[in-house]
Amino acid sequence: MHSFIFQIAHICARRAEQAELRCEHGAANVTECAALGQSILNLTRLCGMSGHKQYEGPDMTRIDAKFADLKAAGKKAFVTYVMAGDPTYDSALEVVKGLPTAGVDIIELGLPFTDPMADGPTIQLAGQRALEAGMTLEKTLQMVRDFRETDDTTPIVLMGYYNPIYSRGVTRFLAEAKEAGIDGMIVVDLPPEEDSELCIPAQKAGLNFIRLATPTTDDKRLPKVLTNTSGFVYYVSINGITGAAAAQASNVGPEVARIKAATDLPIIVGFGIRTPQNARDIASVADGAVVGSAIVDEIGAGKSPAEVLAFVKSLADGAHSA
Amino acid sequence: MADDLLNSFTTGPDEQGRFGDFGGRFVSETLMPLILDLEAQYEYARTDDSFWAEMNDLWTNYVGRPSPLYYAERLTEHLGGAKVYLKRDELNHTGAHKINNVLGQIILARRMGKSRIIAETGAGQHGVATATVCAKFGLKCVVYMGAHDVERQAPNVFRMKLLGAEVVPVTSGRGTLKDAMNDALRDWVTNVEDTFYCIGTVAGPHPYPAMVRDFQAIIGKEARAQMLEQEGRLPDTLIAAIGGGSNAMGLFFPFLDDKDVGIIGVEAGGKGVNAKMEHCASLTGGRPGVLHGNRTYLLQDDDGQILEGFSISAGLDYPGIGPEHAWLHDIGRAQYVSITDVEALEAFQLCCELEGIIPALEPSHALAHVMKIAPELPADHLICMNMCGRGDKDIFTVAAALGIEMNTGA
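Chains as they are written, first to last, in my numbering: chain Y, 9 to 330; chain V, 6 to 415.
Just so you know, these hints were derived from the structure itself, not from any lab. Computed from a prediction, not measured in an experiment: that's the story for all the values here. Note that the Cβ used here is the ideal one computed from N, Cα and C, for glycine as well. Just to be clear, a hint being listed does not mean it is correct.
Said to hold, decoys possible - Computed spacing ranges between beta-carbons, pair by pair:
#1 V:51 / Y:77: 52 to 60 Å
#2 V:277 / Y:232: 45 to 53 Å
#3 V:292 / Y:187: 22 to 30 Å
#4 Y:183 / V:15: 39 to 47 Å
#5 Y:187 / V:336: 20 to 28 Å
#6 V:292 / Y:186: 21 to 29 Å
With the rest of the complex left out, here is chain Y (with noise of 0.2 Å):
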């Protein structure tokens, strides 16, 4: 039932888009842009939804889902990053598929490229072994589809940078990606002085579009961070790169509690999170933890996915205890 009304939603909103864009463009029939304006208005009422939409996100996706069940049971979100294809598709799969089980709420699933301007050596080396065993943004989609068969309820967001998307084509890459089961994207070299290029038309196509916000992200410039944003808030702890520095719950705290202040999404810190006891610390003053660094670490000193898994596992059990 709810996968029915979800998807006339869906339809309807389509239709009003087109509407406003007839409205728009000067050449409506005002009586049909305001009785389907009404109509969709009832319809969004009858989903429990707001009837303003402007590009605050798709209406629900796996990771609005999963935040509203964590929230029900009372838990704090263990969020993970891995590298799609490292070392290999099979044994990249293998672990992402184990991660649920592990302890994972939400996979982010790192998009190879060979310049990774954000992230410190231990991802840079995830990605250039990924890409040396053949890893492409084609078979990334793959591993989400291949993941896709035995989990609907996971959500994924696929994180790296623009270039590898810029080239496949925007709209063919957002289809591709809703088609595959991706729910979100953090593409890390893309702020809101860009929305124009990804973020706006990834919303349009359903996908959440989550922002990075920083310590240099000041008050005057957050309300500009939180705009066109959906799923999550991800906290930079650090001003740095992946893998670098360690992260104090102490001045996290208060960085949360800032942004809290100013967005209802959840807030979710990464950047420098490395054992259990930093996910707990981490995880208990804001919505959730991430841990990329660390496991990307483990999968390169060569251990094996059920090693890899374990270690996570004693990681999620941290975070979730918080």
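Please arrange chain V on chain Y, whose structure you already have, making use of the hints.
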């Protein structure tokens, strides 16, 4: 034409830092506030007389500007066609055009209260210029340089160290200019409070492409006045080498609205612009993409992964090009060609023998194109080529390429 702003080629970039579809601000959120701050500071400085007074004083008394516009008589006779002038920016302090821009950025950094300067360098010329100006002003200087370039540009590495800079060899990727820029960006994102990133070319996020162009435009402004004085008219053709494209943009910019002045940029063709990608010709062999903060033409594979360029010249060994060049290429205001390593080496030797000037390998590419077109042009055709750097740093590379053994003492 020049007084009609609507039809001017010199009004870019727009408020989003775009030249047409190129340029922009593709950086992580951590850097965004820093870039906006820099933009505001630069906007203020560019109309501030005291800023330009300080620049002019240093250009005159520290760099040695204006650089001469020199009629290359024997080269002209040898080629038997167009009259060839060389804009002698290799005579600047530190031996290249790079210091024109560094002075501007360091004065800005001082105004912004930054105490630590970082830079990327390929051939080492920008690194040497940055280390030099940092020494003059007592600023801490860290230069990122690809490990491969550290090896092939040993004299410049030693120069930077003498000048008190810390040189960090970059081993990620293939260890060239692209990788050095990645590591410089990683440093900047880690040290946001006290650090100023001094970019050496007309690339990177807005406002760098416009700011570096404005600092390098002194080359074209001087050349324009000098040509008018010596020949009573403007040149017919401008020619400059392009890696990122700062010396070329500096020469071209003041002439963009002179519709009778032909403009040619020369990219590094390496072993030849072919399917094997053993070159650095982004415009002739690449396609639009996003890297290092801007959209421009890039060498990349079908999956949008960036390819390593290849050139005998470390200063041209970069898979991208400044976004304003990408735009000038697309609208057809400038023409872009490529020259191979072999052609550049021939030009290098010819210039030494005929003019007593040892050119850097970078302008040797421009000179090789002059050698190609000058013989076919009439004697009253005026070519102005930017001799943007001297070749002392390259003698070991050239010796190796010519099969001559030298004891480098390194």
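Distance restraint evaluation - residue 292 of chain V, residue 187 of chain Y, Cβ atoms, bounds 22 to 30 Å: holds, 26 Å
Hint check for residue 77 of chain Y and residue 51 of chain V - Cβ pair distance inside 52 to 60 Å: holds, 54 Å
Outcome of range test on Cβ distance (residue 183 of chain Y, residue 15 of chain V; 39 to 47 Å): holds, 41 Å
Distance restraint evaluation - residue 292 of chain V, residue 186 of chain Y, Cβ atoms, bounds 21 to 29 Å: holds, 26 Å
Range hint 20 to 28 Å (beta carbons of residue 187 of chain Y and residue 336 of chain V) holds or violated: Violated, since residue 187 of chain Y and residue 336 of chain V (Cβ atoms, about 37 Å apart) do not stay within the stated range.
Consistency of beta-carbon spacing, residue 232 of chain Y to residue 277 of chain V, with hint 45 to 53 Å: The hinted range 45 to 53 Å holds for residue 277 of chain V and residue 232 of chain Y, with Cβ atoms some 47 Å apart.
When each numbered hint is compared with the structure, a violation occurs for hint 5 only.
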